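Kindly produce the complete structure, drawing on both the sequences and the hints.
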Amino acid sequence: MKVGVIGASGFVGGELLRLLVTHPKVEVSMVTSRQKVGEYVHRIHPSLKSFINLTFSDFDIDKLTDKCDLIFVSVPHGKSNKIVNDLFKRGIKIIDLSADFRLKNPDDYVKWYGWEHPYPDMLAKSVYGVPEFHREEIKNAQLVACPGCMAVTSLLALKPLIQNDVLDTEHIVVDSKIGSSGAGGQAGSATHHAMRYGVIRPYKPAKHRHTGEIEQELNLLNNKKIHVSMTPHAVNMVRGILTTNHAFLKKEISELELWKLYRNMYGKEVFIRLIRDKNGIYKFPDPKFVIASNFCDVGFDIDEDNKRIVAMSASDNLMKGAAGSAIQNLNVMAGFDEMTGLRFTPVTPV
Amino acid sequence: MKVGVIGASGFVGGELLRLLVTHPKVEVSMVTSRQKVGEYVHRIHPSLKSFINLTFSDFDIDKLTDKCDLIFVSVPHGKSNKIVNDLFKRGIKIIDLSADFRLKNPDDYVKWYGWEHPYPDMLAKSVYGVPEFHREEIKNAQLVACPGCMAVTSLLALKPLIQNDVLDTEHIVVDSKIGSSGAGGQAGSATHHAMRYGVIRPYKPAKHRHTGEIEQELNLLNNKKIHVSMTPHAVNMVRGILTTNHAFLKKEISELELWKLYRNMYGKEVFIRLIRDKNGIYKFPDPKFVIASNFCDVGFDIDEDNKRIVAMSASDNLMKGAAGSAIQNLNVMAGFDEMTGLRFTPVTPV
Amino acid sequence: MAKVNCKECDAEIPVPDDSMQGEIVTCPDCGESFELVKSGNEFSIKPAQVVGEDWGQ
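Chain order of the listed sequences is A, B and C.
Per our numbering, residue 3 is the first one in the first sequence, and the count goes up by one each step.
Per our numbering, residue 3 is the first one in the second sequence, and the count goes up by one each step.
Per our numbering, residue -17 is the first one in the third sequence, and the count goes up by one each step.
Just to be clear, a hint being listed does not mean it is correct.
So the derived list for chain A, only partly shown, Cβ under 7 Å to chain B, looks like this [unchecked claim]:
#1 207
#2 280
#3 284
#4 291
#5 350
#6 352
Below, simulated DSBU-like cross-link-like pairs (lysine-lysine); rule was C-alpha separation at most 30 Å, straight line [stated by the list, open to error]:
#7 38(B) with 20(C)
#8 81(A) with 69(A)
#9 27(A) with 270(B)
Bear in mind the hints are in silico, worked out from the structure with no lab data behind them.
Fair warning: this is a prediction, and the values are worked out from it, not measured in the lab.
Ideal Cβ placement from N, Cα and C applies to all residues, glycine included.
Laid out in structure tokens, this is it:
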């Protein structure tokens, strides 16, 4: 299967290439980047030296659709929708890593992103790229929109609880922590090492754009309107996300019942691991143990006094949060085993 | 091929298991650890959850030699030689990750490690486990001693220069920088996060035990007695080594000639990459671009004023510096392609 | 190999054939420990007193 990657000079594009060059069923035939045309890929991504000899080419839609069976689009939010729309009309399969086709309702783009979607009719044709939520639809999709990194991580922790309707859906607090690679490769004062090192920096404490996706996907599980109160923090890590999802139980529920809820939901999922250990020192999910893998570790604890459940989930923002999900979606779309090219043991310690 | 791992509860043992559980030609049949007998491996190494269901068993030499075709020994220096000696008598193949069989000359154990070697006759039977130096001998060896992490990294930078006799062999300064996982998993004041974080800590500025290996292996290349002046530093990294090898040239040599020296030596080596880039921002080797891979990136620069060559090399201390080399040696001993189970793109950024 | 169901999380705990009465087994999923109770060649479990490790942050 021949694939192309549009916009591969950033962290997510680089991670996508890192996975594609050792994927047994895929050949990377084209890699484009507006700023780096003519440059060797391995001089922008030195870790890929000896794995790829391509140079970045300019965006040429005829060449792309001619040489590729599927195209990954990894350009900044707001810039992706035109490219995707043009490609879509050519009938080629597309996996978009931007936010431009994640939300179903056109109004939500104004609400969460602050811009009008130029191709509202396309929204019904795109599938939200989380196989654990939409596996069947992804199989037949022409356009898949990969999820926001914190959104997918939080969603996977909350799904069993929302779907089984055990929560008060008005008071769900999503407190997330994320590494610096989540801010993308652009240089800026916020990402300068001297100022980014060692911070615990709350940013957009309210109205963070991932909230839109989380509410959208949870509402599909439980026809009640779900409200999510999300606050992200940039922390002193390069890769990794931990979401701590605080929710209030509508009724008493035992740990045994919770285990059953989670195991029934995720027992057969190869990329979800349930982490809750009574006596060991590693009791709950921690990004430390998922880095460079496509796992999302999920765990929970009950705070009886406050009838509160703490659902925790950990992922690698560049893997399950972006490029790993993109490859998982490729595998589902192409009918490959979902672990193809993704069967990585997490790198610990790192 | 069935393998056993003795002493798998530490960082190196954990990394070895991390690689073995996805190695296509190998099955892990036994894992021993004195302190963790009966414990599930994945509760000590949580990142391996879903990859391995074994529990740690106690050290039982009959069971080990019965159930395994080859055994990795990953116990602290000084504790390994008895185990290896007993196993060796049973005729089983052994890859030892400790320092106990690296040096050929018994006197060197007193000089560099401060203890008398209890099995001096075994030293001739062990092969120094760097395929780029001893590939043919490793093929037929029963006992292979994996190299010290900083030693192998420095050796690979210096080999072309020493073998082609271009250096003054009295003034070779090896200034190395290494991450905290290089100190092993034991807790202690030196490794407490609060005191280890953010340091650039010179330790053993003279007589560091890796010097013995470096001098031994370089002397084999150039029958002159080579002296190496090594000073390691613990730096603010978890994984990674950079060695900066300062050496003084005996005669004028151009960059072109140096390129040829290195390319003739390493052109066919799958795990050595030559990194020297005139105009890009990534000019020289940097551990940032080898983490979680078995690569050792090698590069050089010439300081004409001082007739000095700066040979630099970067590796992941847990991979090419330990467990990666162990798997590479396994592949050579078993006749597998050397990249089997090691074809990993480095994880960047991390 | 015999199996018993963990009382804490309902996972299957493998019980090696040579296990004895009173031996401690740990659940691979939730880390809870139990004491083995042998009646005939059937095994059942009861909670065991195990000091959990803690970070003590």
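Checklist entry - So which of the earlier hints does this model not fit? => result 1, 2
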